[in-house]
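Below are the chains, spelled out letter by letter.
Protein chains: 2
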Amino acid sequence: MKILITGAAGFLGQRLALRLLERGELMDANGNRQPITELVLLDVAHSSHSGDSRVRVETGDIADRCLLERVITVETAAIFHLAAIVSGQAEADFDLGMRINLDASRLLLDVCRERDHKPRVLFTSSVAVYGGTLPPVVRDDTALHPQSSYGTQKAMAELLLCDYTRRGFVDGRVLRLPTITVRPGRPNAAASSFVSGIVREPLSGQRSVCPVDARTPLWLLSPERAIESLIAGCELDRELLGTWPVVNLPGLSVSVAEMVEELRRIAGNDVADRIDWQIDSRIEQIVGSWPGSWETSRGERLGLAPDQDFAAIIGAFINSRNSSDPVSGGY
Amino acid sequence: MKILITGAAGFLGQRLALRLLERGELMDANGNRQPITELVLLDVAHSSHSGDSRVRVETGDIADRCLLERVITVETAAIFHLAAIVSGQAEADFDLGMRINLDASRLLLDVCRERDHKPRVLFTSSVAVYGGTLPPVVRDDTALHPQSSYGTQKAMAELLLCDYTRRGFVDGRVLRLPTITVRPGRPNAAASSFVSGIVREPLSGQRSVCPVDARTPLWLLSPERAIESLIAGCELDRELLGTWPVVNLPGLSVSVAEMVEELRRIAGNDVADRIDWQIDSRIEQIVGSWPGSWETSRGERLGLAPDQDFAAIIGAFINSRNSSDPVSGGY
Ligand SMILES: NC(=O)c1ccc[n+]([C@@H]2O[C@H](COP(=O)([O-])OP(=O)(O)OC[C@H]3O[C@@H](n4cnc5c(N)ncnc54)[C@H](O)[C@@H]3O)[C@@H](O)[C@H]2O)c1
Ligand SMILES: NC(=O)c1ccc[n+]([C@@H]2O[C@H](COP(=O)([O-])OP(=O)(O)OC[C@H]3O[C@@H](n4cnc5c(N)ncnc54)[C@H](O)[C@@H]3O)[C@@H](O)[C@H]2O)c1
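These protein sequence lines map, in sequence, to chains A and B. Residue numbering for the first sequence follows UniProt numbering, beginning at 1 and increasing consecutively. Residue numbering for the second sequence follows UniProt numbering, beginning at 1 and increasing consecutively.
Hints were generated in silico from the structure; no laboratory data involved. No experiment lies behind these values; they were computed from the predicted model shown. Glycine included, C-beta positions come from ideal geometry on N, C-alpha and C. Treat the hints with care, as some may be off.
Stated by the list, open to error - If we take Cβ atoms under 7 Å as the criterion, some of the chain B residues that face chain A in the derived model are:
no. : residue
1   : S53
2   : T152
3   : A214
4   : T216
5   : T243
6   : W277
As the list claims (entries may be wrong) - Coverage of chain B stretches by chain A, computed from C-beta distances (three or more under 8 Å per stretch; other residues unrestricted):
no. : segment
7   : 61-69
8   : 156-167
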């Protein structure tokens, strides 16, 4: 079985690639386990790879049709489409966000459509599709009123993927990811970058700025559980998805204050006191428009699970830092 | 004040143009009545015009950037963007629907953005944005799970217009129109074409096919009320629209059986018996996915009103046929 990952050099892409290689197989659309014979890693940044003979690295822009036509063939059974311009950058550079988050996603779907073999396409959407006046608990059938260009572009790409699926051009699945934390490495241009920062930096002796009010509710999932969910989402029986193949991933609803309290409990006052509270209204506006809690019975029925609690999320991060995990150092 | 109508040769476009010329003025963004000095009528079909010196006819494709750059200038204070590929045709020709309903709408918004004067853009969306498993009464905050490419393209264009508005590129407003009926003239490629057909054809002595079950609920508005709503929507105070400038227009929830009963009561058995019941599963699937009833308190609070009852809708149609209304004969 041939698999493509776009955004393969990114935070989740790197981890997904490692996990797929380790697993060695993926269920096909008929529910049969098939060995992974080729894993194409596509990213505009270079994907470091382990020298595994199954891996093919392609460095280039997913907005480039020729490149997509080369990497998507009738043998491509599954595509994990992760490449994206993250929230903060898509807000700062509107045209870039539109070109990658919307136009390149459409191009990828169009190349699949030309191939006419209906590959599975797993698309990663986000809490940022929600916004505006929200009910206390967001449901699968709550309307999308995104208050950022990133959220708008993700919501539009969701609609596109659903229509391409309905028409039989692809077998699409959308997972709406909570904020994935704790992310190793350095801060990035996502508006949610601080969520990992306020745990990661203090734990390594550095100060970190929290740009939002401590009461801000967040919706969180660990990288480990996110990767398991991406694979499970790709393997889900098409029939179970019904007419709307979009699933809100189960996660934990935690306020920033609760995160810091847990960090204090696990790592002590010295660590927790390395956070500087300094409101950034631009970030607060984006993050504050996201739901802090959502109803996920659908995702749970489909067998997708959240982390046990926030302590488990911090614990997993501390473990991965201490292990020889080749990607935990960031990039 | 300079105004542009796209799709000006269409059913609603023709009527809107006449009504604006008759009115002679439109409120500007500050709530001051301004005389209409130029009305640009853009359509790929030729817009017949009354010889009024305020009218400028432009025949061409809204997917043509040069044309849009010519017709949208910094003097353009309001744009009624009605040009569209209707539901049946967008389902039959996917690429054409994408090109006009999505890409050309985006192009229009981009030309406005370049002009940098934030014109009001009124966009006509549809019940077709809803679909899938719906609550009995659809609300403003019910999620959009469109089950047609037309509905998908309208939903995507809504999201785009909202983001362009949030960013300050345009002052956008979206009205979700019920099925507008009774439409004079001949059947068209909209999946809802029969809704007018089963009243219009029998009244003029011809047989007409109803392709859906008599129990199918519909959400209806007369052309007269639709035009008043388009103008009111454009004149609405920006502040009243809040962070999500999309309004479900108030309409009447009527089943096909109730429509036929009312026709029978008003025009007699001979007329009502001219309907042939012949299910077309393709049309039933599209129309059956639309909501038959929606909660419209928001639209009502904004001063938008439905017709009194279905008898009033039939009455208005009979009157317009008998009058000298220059567009009632269709085109
Ligand atoms: N991490 C989260 O908290 C989170 C939450 C919700 C959704 N998501 C989504 O999950 C996906 C992966 O997220 P991530 O955290 O790994 O993001 P990331 O920014 O670490 O990775 C994205 C990758 O996409 C690549 N990319 C960007 N533009 C490209 C282009 N034009 N061509 C090819 N590659 C390009 C980048 O180089 C990067 O390696 C994204 O779609 C993101 O929107 C992530
Ligand atoms: N009539 C309804 O029941 C109804 C219901 C919901 C929404 N709407 C929406 O209201 C708007 C007007 O509807 P209508 O009933 O007048 O439709 P219509 O089909 O009568 O008019 C649409 C017009 O757009 C023009 N057009 C199509 N492609 C074009 C292009 N590439 N360039 C320029 N012009 C082009 C057509 O020539 C036509 O004159 C549409 O956006 C429609 O989707 C209508």
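ask   = Taking the least C-beta to C-beta distance, is S53/B closer than 7 Å to chain A?
value = Not OK, violated: S53/B not within 7 Å of chain A, min 40 Å.
**Prompt:** Is the hint on A214/B kept, meaning its closest Cβ partner in chain A is under 7 Å away?
**Reply:** Check failed: Cβ of A214/B comes no nearer than 24 Å to chain A, outside 7 Å.
Given W277/B was flagged as interface, is its beta-carbon under 7 Å from a beta-carbon of chain A? violated (27 Å)
Chain A covers the segment 61-69 of chain B, three or more CB atoms within 8 Å, holds or violated = violated (count 0)
- request: Would you check whether T243/B satisfies its interface hint, that is, whether its CB is within less than 7 Å of any CB in chain A?
  value: holds (5 Å)
Interface hint status, T216/B versus chain A (Cβ within 7 Å):
This interface hint is violated because 18 Å lies over the 7 Å limit.
Min Cβ distance, T152/B to chain A: is it shorter than 7 Å? holds (4 Å)
_For the segment 156-167 of chain B, count the residues whose Cβ lies under 8 Å from any Cβ of chain A; is that count three or more?_
With 7 residues close enough to chain A, the hint holds.
The structure shown violates the earlier hints numbered 1, 3, 4, 6, 7.
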